[in-house]
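K.L.:
Protein sequences, first through last, are from chains A and B.
Just add 17 to the spot in the first sequence (first one is 1) and you have our numbering.
Just add 17 to the spot in the second sequence (first one is 1) and you have our numbering.
Among the clues, some could well be false.
Pairs involving identical chains hold if they fit within one copy or between any two copies, as the list cannot separate such chains.
DSBU-like, lysine-lysine: derived pairs with alpha carbons at most 35 Å apart [stated by the list, open to error]:
| no. | residue 1 | residue 2 |
| --- | --- | --- |
| 1 | Lys198 | Lys253 |
| 2 | Lys60 | Lys301 |
| 3 | Lys198 | Lys60 |
| 4 | Lys301 | Lys253 |
| 5 | Lys253 | Lys41 |
| 6 | Lys301 | Lys198 |
| 7 | Lys77 | Lys60 |
| 8 | Lys253 | Lys60 |
| 9 | Lys41 | Lys60 |
| 10 | Lys198 | Lys41 |
| 11 | Lys198 | Lys77 |
| 12 | Lys77 | Lys301 |
Derived by calculation from the structure, the hints in this document are not laboratory data.
Computed from a prediction, not measured in an experiment: that's the story for all the values here.
Number of protein chains: 2
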Amino acid sequence: MTIDELGEFGLIERIAGILPAAGKDVLVGIGDDVAVLEGGGGKVWLATCDVQVEGVHFLKEATNPYDLGRKALAINLSDIASAGGSPRFALVSLGLPRGLEADFVDGLYAGLREEARSYGVDVVGGNISGTRRGLFIDIFLLGEAERDEVKLRSGARVGEAILVTGSLGDAAAGVALLLEKSLSTSAGYAAIAQARRDRPSPRVAEGRLLGASRVVGAMTDISDGLAGDLGHIREKSGVGARLYAAALPVARENRTLALSARGDEWHFALQGGEDYELLFTAPKEAAAGLADLIRRETGSAVSVIGEIVEASRGGELELPDGRVVPLEAAGWDHMKAGKPGEAE
Amino acid sequence: MTIDELGEFGLIERIAGILPAAGKDVLVGIGDDVAVLEGGGGKVWLATCDVQVEGVHFLKEATNPYDLGRKALAINLSDIASAGGSPRFALVSLGLPRGLEADFVDGLYAGLREEARSYGVDVVGGNISGTRRGLFIDIFLLGEAERDEVKLRSGARVGEAILVTGSLGDAAAGVALLLEKSLSTSAGYAAIAQARRDRPSPRVAEGRLLGASRVVGAMTDISDGLAGDLGHIREKSGVGARLYAAALPVARENRTLALSARGDEWHFALQGGEDYELLFTAPKEAAAGLADLIRRETGSAVSVIGEIVEASRGGELELPDGRVVPLEAAGWDHMKAGKPGEAE
């Protein structure tokens, strides 16, 4: 059997089956956005890693090294944010092909420096290796949190509201516009989509507020697409979910583009991936207050987009006309996908 | 300018120049074997990462996935050992090409599991990504130590003895025997060299004892070759070093092979890389006692191989016939090298 047949999540499950149970200082191990490690004195360490691989996550000729450096850190910041933590220390593992211009590395690190500075992170070390072809930038990020403020994918309860920060589907539209030359949209929305694709904004301040709020149930960030990441919450919490399409924060241009490119106006919002927004649950009576808090303190919008239902109902999407359809939790499979690479 | 012209260490220096000074909780940042992070209560965290890239660090067709999994963790364990710390938590970032057999991943994780178990490490998370070609396994390892027991590359003083655990040059001989089919040695030594190449033994117990010993000045592990890693101690400590060739723990077969393959019987021992032994300094009067302690507690041999001298003398090698030659600190450049790949 090949890993393609297993898929990313099948492979993770297989690996988790090989490894022994973790020791007592591992509060959360494999299977959430971050590992949670005992830090002593009521504190925990949060640890995560994520990589950007040339030809899989980006095309070098279409990528500004400064943006790539920022994004490589941002996607890790988003994982720490999703647990309600504060990012602290990064290690950077670079794989570089022969003949790469030193200017490219300069640009990459200028972006890393700026992103690290913006979020109070110290780059404390790393590694440089050669590669036979193509470059990768793999980042390991450590964060910290109060033990009782950490939010996980588990923790959602039936009856809670489902909320999301910001907007959905723009980054996926940006990828589609890059790779599918036949697609078109307004110049204004194309610029937004490109910016959301190349310069994601991790919701670190939002995550900290939500971590400290005491009312949030489950939380994750949206990297695989809303349907896929909600699927992780459903699985880890043992619940079902109903989303209201009419409540999703999706730009009109995004729906138009999704309809023409994928035959489904909700496709980018639900399946697109790389939004790096926070998806979380909270008691319905607390939802409006939480949304106000986040808006006031960070300027970020928060939308109530659905509710947690019994597990037996699975994932449901209520369309604007009232019809209810199954919510496909396929999402973005980082191993199967290699989307940008497909265009080579 | 390309990164090849800068070389690995030129590039690291350039990157360090781009990044701002680290915050107060970063006790040691870029430029040592590990980053040292304030942990509170007299404890520190040690953080490091290192990667194995197909075609650069290993040839897939000549590699047992079990050994690769062990080695990928071992090279990181060696870094924690070199600081005198105890390894605790690992994250594993895998880059996998399409079509890879799931059995390969099973073998890799069986090796990782065994190596982690042997050294008391929990694998707490990671990431899986696709690649366009070839696989990589990038590991991030966290360790801990008492703050006043951490050893660094800085800390060597003039007059101290230079010591090394185990033996030198065998892994490099193993690489040469793999790639250069014209070379030959005894079947017995070929097996030793292959084992040292594919299954390095990180000196974790030895490192802890040396960290706790109070008399060790500087310490590092030998991954770039004795001359190169001693060069790091010289640079960070602001000292020179004289090595005694006759005292180097090098197998006779290794010297014979180095002479026929490289025209210099000390080549593999000095320039080979991947020994993963510990290189350290201590007052001369303490050297014999330290060596006894390590041998008694761990079974590992320790050799006194030289002494720290004034910086102005640079690196010197005293040959068995009494001649003194400059010690070339070229070592293994992970970026320029790509040794196994060269054979493709």
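K.L.:
Take the hints in turn and mark each one as holding or not.
P.N.:
Going through the hints against the structure:
1. Lys198 with Lys253: neither (39 Å within a copy, 53 Å between copies)
2. Lys60 with Lys301: within (29 Å within a copy, 43 Å between copies)
3. Lys198 with Lys60: neither (50 Å within a copy, 56 Å between copies)
4. Lys301 with Lys253: Answer is within; shortest intra-copy Cα gap is 20 Å, inter-copy 59 Å.
5. Lys253 with Lys41: within (20 Å within a copy, 38 Å between copies)
6. Lys301 with Lys198: Result: close neither inside a copy nor across copies, 43 Å intra and 71 Å inter.
7. Lys77 with Lys60: Result: close neither inside a copy nor across copies, 40 Å intra and 42 Å inter.
8. Lys253 with Lys60: both (23 Å within a copy, 34 Å between copies)
9. Lys41 with Lys60: both (15 Å within a copy, 19 Å between copies)
10. Lys198 with Lys41: Classified as neither: same-chain Cα gap 52 Å, cross-chain 49 Å, threshold 35 Å.
11. Lys198 with Lys77: For Lys198 and Lys77, only the intra-copy Cα distance (18 Å) is at most 35 Å; the inter-copy one is 38 Å.
12. Lys77 with Lys301: neither (45 Å within a copy, 54 Å between copies)
When each numbered hint is compared with the structure, violations occur for hints 1, 3, 6, 7, 10 and 12.
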